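Undergrad: Chain by chain, the residues run as shown.
Number of protein chains: 2
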Amino acid sequence: MAGALRHGTMRAGNLAVVLGELDRRGPLTRAALADGTGLTKTTVSKLVGDLIDAGMAVESGAVRDGERGRPGTAVRLSGHRVAALGLEINVDYLAACVVDLTREIRVIRTQPVDNRSVPPAEVIARLRTLATTVLAEAAALGLSVAGAVVALPGPVDPITGTVHRAPNLGWRDVAVTDTLALPLPVVVDNEANLAALGELWFGSGPSLGDFLHVSGEIGIGAGLVVGGGLFRGAHGFAGELGHVVVTPDGPPCRCGGSGCLERYAGQDALLAEGETLPGLVARLRSGDPEALESCTRAGTALGIALTTAANLLDPDTIVLGGIYAPLFPWISTSVTRTLHSRLSQMHPKVPALVISAAGTNAAPLGAAGSVIQRVIADPTPLLPSPPAPHQEAIG
Amino acid sequence: MAGALRHGTMRAGNLAVVLGELDRRGPLTRAALADGTGLTKTTVSKLVGDLIDAGMAVESGAVRDGERGRPGTAVRLSGHRVAALGLEINVDYLAACVVDLTREIRVIRTQPVDNRSVPPAEVIARLRTLATTVLAEAAALGLSVAGAVVALPGPVDPITGTVHRAPNLGWRDVAVTDTLALPLPVVVDNEANLAALGELWFGSGPSLGDFLHVSGEIGIGAGLVVGGGLFRGAHGFAGELGHVVVTPDGPPCRCGGSGCLERYAGQDALLAEGETLPGLVARLRSGDPEALESCTRAGTALGIALTTAANLLDPDTIVLGGIYAPLFPWISTSVTRTLHSRLSQMHPKVPALVISAAGTNAAPLGAAGSVIQRVIADPTPLLPSPPAPHQEAIG
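Same order as they appear, the protein sequences are chains A and B. Count the first sequence with the numbering used here and you get residues 1 to 395, in order. Count the second sequence with the numbering used here and you get residues 1001 to 1395, in order.
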């Protein structure tokens, strides 16, 4: 029994090693996979066979092996079967997307809706409808969805699938996973964390170095990516940029504090009464002085909060995402000016300020991408049961 | 040649494994060391012999092996030969300490002196004198000092041994290592980072979970310890708590910004004209209303900056060190009140606020401790050349 268990663990480890190698460096011949992983060619061939049978890998024609010049058939990740569902509940929209194993975006849907005016159960029911539609589209494409992650605008408990507090939605301790009741494994995570991962995997990625990704919405969150991974803090609540104090005696905030960044640079502070984001962008394009002044004010407050963040976190790059992406041409000047006036004397390196490449879909993409990461780290649940126990360990 | 090199690398790795095991779990028998490291008993015995010859380990009498009940002679780290020098240049004092391999403090000296009134070269010359005295004391104790780390109140470049900018000293790009010219390897690091490590190794340590250690001096720095290691940021400049913006249009700061925490809660803001820290503590003890009000004001500003830090970093614990340690009874109430009023609605866990156990010596202790960490990670430079190449690799 212990032997069989050990064999299963070994096979799972080896499958993850081969799949990870294909993800990072593919396409690769079986010989190159053996070289790269330290496994024998026989073991690699068996594991690759399993991955091909499961639709996770595919042969991609004859290539010349880079290192030794031998001809061989290359293997690469395949996106034709395994996929992941990314979902987002935010204050004024719902979003859903399907991403395949190669991280190609296969389906993406956004639904503008004011989620503040309805009870949580109804919002979650709407998300279920959207998810069901998107899952049907994925099935029509021949995709099998391995799991889902839901992005939520507040601190979450991933164990219970609950969002503790989403002040801009007016939610407190809402059991999202249980209420959603989708027919696949569902995990919850913070929207700003997932948006940062979305930028890492679907946006400008590694070129950013260590970066702070700012998600401007009605709330403002941030995710810090360090060495290709997310810095989450002791309880997973790091990156609450929206509640960085800009002016201690400023207007009260829904978080219970006052003078928080959200009150100066959140979507509600930027838009005029009843205005939409495209409406504001149109006013900015036409040179409307009030709109320009509103962006300068918000950008200065954002610059102050980001000065503080840079002093504490020291990132290479600050990425402006969410609503700050379309507003970048009008908001970035005052952010940059504030950062430089407050940091350049003290800091040899003031962080570069760039626009998000993943854009407004960063959070649902990061959500789907984190399911793909899990599949690549442990593909065994998606494979048939292991064959007879005579396989070999990593060398 | 490659074989010899490989052999040397292997021996170095194995020595580090055995020394690390003794550091974490010692005293241990050779059998227990073999079990814990996966090395054979023969290899362990040779490596332990080398470590005993180098004065880094010592036999500590017969013990019963915990796991299997066999009697054996236990081996433990020895502090009788290898030691490390920790140094600190701060605005109003110099400090030096010697710590042995077991992290016992063997010598510690602090010298109050106003380092703002003299040129950098003179400050560094004074530190050299202090270091030389302390090294002589260490030599008299039979200790051999492996290296030194200098704590500096500003961002440093460890490669060139330079402090970029220490605004409270008025220093800019001062080559500390070269000017100090001590007859042993010297590295520079940021004072607040080292103080956090000092708290980890010589203070309350692992019981704090992930913690933010605040070093209150004339400047205010912080070091974040995550999973037992320091979070340094992309360029090593993380944790500049003193320049977190408390009030954007507040008084100008030496960093080039304005309304920074240092202006509200640094030592100069707390002390009356010409007053010393013991003087302030005496006034506080006698219930002087002005002194109490000064602590409340500083504590509120510190609480605002720490609210921001908690929102961004999400630590388990916040440790108040430096001058905040003696002021803790009078300053902690307003810090705690501010943290709770601003965080408790949103955050399921408001960080605990505790007093530093390492106290005002945290930075030089962390400096010496980081030399010890390096010795334990790579003891070979302190050992005689390796014997003939027939040793065995890690199993």
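Please keep in mind that the hints were generated in silico from the structure rather than gathered at the bench. Everything numeric in this text was worked out from a predicted model, so none of it was measured. It cannot be assumed that every hint is accurate.
Said to hold, decoys possible - Beyond 10 Å from chain B on every Cβ pair, some chain A residues (computed): (1) V113; (2) P155; (3) D157; (4) I159; (5) A234; (6) A238; (7) V246; (8) E275; (9) E293; (10) A309; (11) P315; (12) H347; (13) I376.
Stated by the list, open to error - Computed footprint of chain A on chain B, listed as stretches where at least three residues anywhere in the stretch have a Cβ under 8 Å from a Cβ of chain A: (14) 1012-1021; (15) 1314-1328; (16) 1336-1347.
Beta carbons: idealized from backbone N, C-alpha and C, even for Gly.
Undergrad: Look at each hint and say if it fits the structure.
TA: Here is how each hint holds up against the structure:
Look at A/V113: its CB is around 24 Å from the nearest CB on chain B, clear of 10 Å, so calling it non-interface holds up. At the 10 Å boundary, the C-beta of A/P155 falls inside the reach of chain B, the nearest C-beta of that chain being 7 Å off. Non-interface call for A/D157 relative to chain B: violated, since the shortest CB-CB distance, roughly 8 Å, does not exceed 10 Å. Every C-beta of chain B lies more than 10 Å from that of A/I159, the closest at about 12 Å, which supports listing it as non-interface.
For A/A234, the requirement that its beta carbon stay farther than 10 Å from each beta carbon of chain B is not met, with the minimum near 4 Å. A cut-off of 10 Å between C-beta atoms contradicts the statement that A/A238 is not in contact with chain B; the least separation is 4 Å. A/V246, annotated as away from the interface, has a beta carbon of chain B within 10 Å; the closest lies near 7 Å. With 10 Å as the threshold on Cβ separation, the claim that A/E275 sits away from chain B holds: the shortest Cβ distance comes to roughly 26 Å.
Look at A/E293: its CB is around 17 Å from the nearest CB on chain B, clear of 10 Å, so calling it non-interface holds up. Non-interface call for A/A309 relative to chain B: violated, since the shortest CB-CB distance, roughly 6 Å, does not exceed 10 Å. At roughly 6 Å, the least C-beta separation between A/P315 and chain B is not larger than 10 Å, which violates its mark as non-interface. Listed as outside the interface, A/H347 is inconsistent with that label: its C-beta sits roughly 6 Å from the nearest C-beta of chain B, within the 10 Å cut-off.
Taking the minimum C-beta to C-beta distance to chain B, about 24 Å, the non-interface status of A/I376 holds against the 10 Å cut. Under a criterion of three residues with beta carbons nearer than 8 Å to beta carbons of chain A, the stated coverage of the stretch 1012-1021 of chain B fails, only 0 such residues being counted. Given a C-beta distance limit of less than 8 Å, the hint that chain A covers the stretch 1314-1328 of chain B holds, as 3 residues qualify and 3 suffice. Taking a C-beta to C-beta cut-off of 8 Å, the stretch 1336-1347 of chain B contributes 7 residues in contact with chain A, enough for the three needed, and the coverage statement holds.
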